[in-house]
Amino acid sequence: MSNSDDRTQTVSGKAAEASSTNKPDGSSRGIIVLCFCIGLVVSLVFGWVVFPRLLYSRKQQPIDFNHSLHAGLVSNGCESCHFLRDDGTYSGTPKLAQCIDCHQDVQGNSPEEAKFVEQYVKKGIEVPWLVYARQPDCVFFSHAAHVKAAKMDCVTCHGNIGDSEHLKVYEQNRISGYSRDVEGASLIGFKKHTWDRMKMDDCSECHQKQKAVMGSVQTQKEGCFVCHK
Amino acid sequence: MKIDRRSFLSLGIGVAAGTAFSPLPWKLMDDVSIWTQNWPWTPVPAKGESTYVNSVCTLCPGSCGISVRKVDDRGVKIEGMKGHPVNQGGICALGLAGLQLLYSPDRIKTPLKRSGKRGEGKWVSISWDQAISEVAGKLKELRTGGQAHTVAGITGGGPNTLSRLFKRFLAAYGSPNFFNTPSIDNSYRLALQMMNGATPDATVGLDLENTDFILSFGCGLLDGWGSPVHMFKTNTAWRKTQARVIQIEPRLSRTAAKAYQWIPITPGSEGALALGIANVLITESLYRKDFVDNYTSGFEGVVNASGELQKGFKQHVLDNFSPKAVSEITGLDPAAITLLAREFAKAKAPIALFGRGQGKLPGSMDEALSIHALNMLMGAINQKGGIYALPTPDCQAWPAVPPDAVADSGVKEPRLDGAPSDVYSRLNQLPPAVLSGKPYPLNVLLVMEANPLYTMSNSKSVQEAFNKIPLVVSFSSFMDETAQNSDLILPNHIYLERQEDAPLPAGFSKPVISLSKAVFKPLHNTRHAGDTLILLAKGLGGSVAEALPWKDFEACLKQAMGDKMESLQKTGYWINTGAVFPDGKTTFTTPSGKFEFASSAFCPGFTPVKIEGDASYPLLMIPYDTMRLASGYTANPPFDTKILEETILLHQDGLIEINPKTAQSMGLSENDRVLLQTPRGQANVLIHLEEGIMPGVIALPRGLGHTAYDAYIAGKGVNLNGLTGPIADPLSGLDAAWGIKAKLSKA
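Protein chains in written order, with my numbering: chain Y, 1 to 229; chain C, 230 to 976.
Hints are supplied without guarantee of correctness; some may be wrong.
[Stated by the list, open to error] Footprint (simulated), chain Y over chain C, 3 or more residues, beta carbon under 8 angstroms:
#1 261-272
#2 275-289
[To be verified] DSSO-like cross-link-like pairs, simulated, lysine-lysine; straight-line CA separation at most 27 angstroms:
#3 Y:Lys199 / C:Lys276
#4 C:Lys299 / C:Lys276
#5 Y:Lys95 / C:Lys306
#6 C:Lys750 / Y:Lys95
[What the hints assert, rightly or not] The following residues of chain Y were derived to be distant from chain C, with all beta-carbon distances above 12 angstroms:
#7 Pro111
#8 Ala114
#9 Ser142
#10 Ile161
It should be emphasised that the hints constitute simulated quantities derived from the structure, not laboratory data. Backbone N, C-alpha and C fix where the C-beta goes; we use that ideal spot for every residue, glycine too.
Isolated chain C, as found in the complex:
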């Protein structure tokens, strides 16, 4: 008997045959295939009963109603709330990705104190008691030393109860330095104040559903302008009513692409075009004569302070803004201007809107007034399809801040930004004031729901200013750029974990308040910033504690909302059904009692914003906004960064849009790496050739180039704010910059 190679082969064949006739290979194959279709590490929503909690999204000024789907305590999806007056069930990409913010592994989970150098990222966890007593201790020390006014607070949130409380805290403490983050909303408010006599707290109301001709001066109506989802819904309605959108901007944005007509003009000449259109309306008598004659002043002439009659708006426009003159400024054919004016006048309910892109910056006041003058020429004020001042819904008055000698003298100190009041805080003026130490040095900065180190232009000087502030306290729940450069972090709950009222939705037609609810129990050891303020006040004691007498923020909110609270808790929103908007009123609370085209104080004109940069910078760089990029306090969540086009972000590199003709003349082609330089900074970017941008103009998106937050967003693309700088508007003092000069060279 011999066992040889053949025997082994035979055994092998036997095993193979036996295995083939057993279920083993077939079953294994099947199981492995099932396993591959259900990777155990792929997250799957928890099984169980779904419940929905209605709330409001406060990630942008849109204030959309949301329905959060939960399985037990786990959030599964955020949907638009059906029947909510603002978004009617719709939701945007940012709102949809909100759960990624809630469950982000990089959230700040407990109060932190800096242990290394500032910005180094070394922290120690501290208790809430220690955090409160440290901040309160420092504030007390300054207050006792008569330095209360050297404390400032910045908030990025809209005008809601939390920011009112913050302002009240600072006032009771003795500081005039309360700052909100200015946007185009401030320019609308100011225009309505100057020309309509609106009260400072009134916001802009727009009856966009009933307009049939929208003259948009660069507004990204479909790129996140106003209340974004509401604008999408309105645009759908416009399709049905065949309303025309005329988009005037140098770049083919999404809005321009979907508009009835896209008119590219020289960047920054929007105000001149508005006055050119006004010129045609007046010359050809196309304006609403009845309205202008009966309800306006300053059209024919203005009596100045010394009693002399001066040129009114009409003569000013006729003298300086003929289509030919405007053609030279805008680069548009005079016939095209005339035609556009005639179309505008022919419409039943035309409206002219301003605010570039998402309206992140306030812009030039002259431009705002010139464009708003078109609404007045067409009588689109307080009328159906028009523009009007929307009063902020009444809040129950809190008891007056108790009088206190320190607070009284503190608030009388001049503001650091030189603004007359906090209604129009000139945040852009804060860094220079801090750097110069004039009128006085800033000792403590409290930052709530804002990320000035990222969102303010001229990042370099903002960083330098931060370095000069001895104590920076952040309330952020994310390690954003500002939190990273602070000394103490007292983390707030995120919007899904806290109860607060949402401000009026931007550019909506009716006064609505929505209630943001604590949809989830706080996941981490965070605290409502309102509660933190109340605790800080208690820590300070005396009149400050008396000014914030509430047990917690909930009690404070309840008192502020008064009888609205019931409706807010029941339906999630409160809408003023008693008043009709637009109300059709033809009287105005201006000094003349009429709508003012011009007065002794102002006359809409065209003063070009002096864009930074000399002849060595041959290109004009403008920012652009997209719905897929969050560029404010909230950084883009991972889902949204995933859906960015490769023309915006390619791997880790940001792209700059340039016209192929311009690129060709510089010898640049698609995806070439270039060094982008502006008077304010420089960065490496990739070239993206885009037919839809005017030759000589380049465009960079807002919202990229984070250096902090988390691995999903940090280090991707370029922060536009590091390359631009603010330009103070002569009328409002707010940031009027719309771009900067730039140059490109091969890297």
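So here's chain Y without its partners, still in its complex pose:
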């Protein structure tokens, strides 16, 4: 027993000796700390500032549409243009057919309207709108279930886009290909409003709160396949 203890002591003694000879002096310790700090700061700056700018490409909408102006002219709020079809599916962004009644010719002084009429209406080309709220293809989402059955307000998910005078820049994730409005402006998931982000956690947050009305219309059950069909 004592023998083995002695041996241990000897070994550790040697180790202490060896390390003491390689011990950094004051200046090299400073350099090590400095290097650590440089690495830390550079990567933090890259991660928080540069990376988000690299991750998203910024695209302008083909026409700068004025929601606020149009909302004042229509009678049925958002649903005047973004309506549910007879079969319950959602029409999404309007097509030329809906605009053409008023915009066969230029109505006002807006250069954007003139561009719209000249480049799209007259040529019969659909406007390639960039959809801020488009969910990934692996997600099934029914507007009818939320707007009609659960009587939710458009603003809850889409924010106050209806009051905007200009369309904001569309930021597209270069990897996933989806809009930053769905993924959330804040990369760490910080959110102030319900519409700040529309990922799965945000769906389930609301679904958790209101368990009674949730689940699949067909099966009346919760589960992955309600949305991921």
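With chain Y held as given, fit chain C onto it using these hints.
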């Protein structure tokens, strides 16, 4: 100050720590996972408003109503049409995969002219004008030279307006050689003509919903027989009414597996069994005496042409088909035959059906008559739950073909197949006639909606016959075997791009016409074959152009459909609501005015079909059909080939079903590669051991072994038709073969 290894390590640790506390790794991980769940190259249906266009599927004789879902101009899905009388919203795997045919990258996109050797696959695109003028030019040259009769046309489509127009074109041109592709429907029609006195254009009507006992002589009722989806729906109804299906066939097909009882018998002995059952019905007085006594003739005796009284059906059956005698032919126990006959007689509305598998081949006429005689013994003619002749819905008559000396003498020439008329064209007799050049050589062959080089048995001789025809013109929109071996291709629109009427659904209870609509604008530079025919007629000019006076096929169809067109365009189908079927009529338009068991011309008997092959071929090979394999003009679309079981197709190899006992005696085990030889050909196949097939019998599926079409179907499995050959039926001249002798040896 010294920058050493430690400093670098420290920098690295700092970077790692900083990165870990930034959103970069976490966000990247999340984005990559979202990306992997939404591969950008995975096709996703277009977004937009869905619209539905109702039409009818003409990929098989089923004529099911379909609803095509479209987003803008893009087809997204084909569904069964709700409320359609035939399929009531149902659809089969082939119909479901129809969009793959429409959007196939291998479609023929423009008229083509062969530039290399025939079959080499070298083509040049030509304009429609050139294509029409080349064909019309050749036809004109032959016609002027008095060779109009040396032109033949083959169609695979059912009796609809397009095939009527094709026939009219040939008649006006001066050729008697119009061929349709015979199937079991022809045998039903002929049986109804001989025994019920039905008109040649009447098809078979079956009131299957109201039967309670179905004696099926090998019919693949759930394997694509008749109108397949309609049969599935009917089978569901049978479950509710507890109707019994008795399946008589040597192999445990899907139908047999789902039947009330499966009776395997020696292949080819079905007709004998039917007569054996008739024997028991007569001996035990189980048949419907009132019906037989009052409404039939030929039962007790037949007066022959010279006025002598001969044995009737009754005596013939009593003398030759006792259960014991039949037992020796069928391999079935005599008691089992008696029991089966008693069960059949006990049913309220029994019916006996013929047509092996999907009924692709006409089969033996003797067998058809023998089985149909059972329906007559039970009075199941024109009655609820029975069988009857269904008149083809009236079409507005077109003006008569204008008289023309060339046409008149041309159509009077004998047909190449030796058939008395085109009503029963003996397509199987065409290759030998072409090869022998008798009665005259064939100069031009026009092929529409058919692929004879693949679907006709004895492929080798069909190919040789093709090689002898100077000009082969195909109307196909797919590079099928026939198109590949043609000289000119004038591509037709596919069924989703053209308007035409669908023929009566096979084996349905009521006369229905459906309208196939142009659901999509033609995707390629193709042309409706009807329009092409009209243009060819115009190119020929004179009386041919006069016989096809329409501006286009649409005008021709409108005239043919008459007042039905409105209903067809509105609902997609027209159904004869005025007449009641079955009508319960007990008079028949036969010479005797009665239903004829036998006459001076025929008496149902059992003449075994002489299957090819000598004693060196110890096995019997039979074909089988499955719902997952299209085996006609349409080749299996990729979706359907994907769902084929590994007992049918394993990678690129076809499998042959064999009983484990037979295999064991030959030292073969599962998935062994063997050489399959028949008197008509040979092929490499894999062994599949199957308890559900009779020992000594082997079975190969129809629909594989394409050499053309596209990379999705070509080179997979074995074409059954390369291994079998036709056998002319002595009564009808149609193909009566049900199998061939074969041998297996380790490859």
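Taking the hints in turn, this is what the structure says about them:
1. 261-272: holds (count 7)
2. 275-289: holds (count 3)
3. Y:Lys199 / C:Lys276: Since the Cα atoms of Lys199 (chain Y) and Lys276 (chain C) sit roughly 21 angstroms apart, the hinted pair holds (cutoff 27 angstroms).
4. C:Lys299 / C:Lys276: OK: Lys299 (chain C) and Lys276 (chain C) at ~10 angstroms, within 27 angstroms.
5. Y:Lys95 / C:Lys306: Satisfied, since the Cα-Cα distance of roughly 23 angstroms is no more than 27 angstroms.
6. C:Lys750 / Y:Lys95: holds, 22 angstroms
7. Pro111: Check passes; 29 angstroms lies beyond 12 angstroms.
8. Ala114: holds, 27 angstroms
9. Ser142: Consistent with the label, Ser142 (chain Y) stays out of reach of chain C, its closest Cβ about 14 angstroms off (over 12 angstroms).
10. Ile161: holds, 20 angstroms
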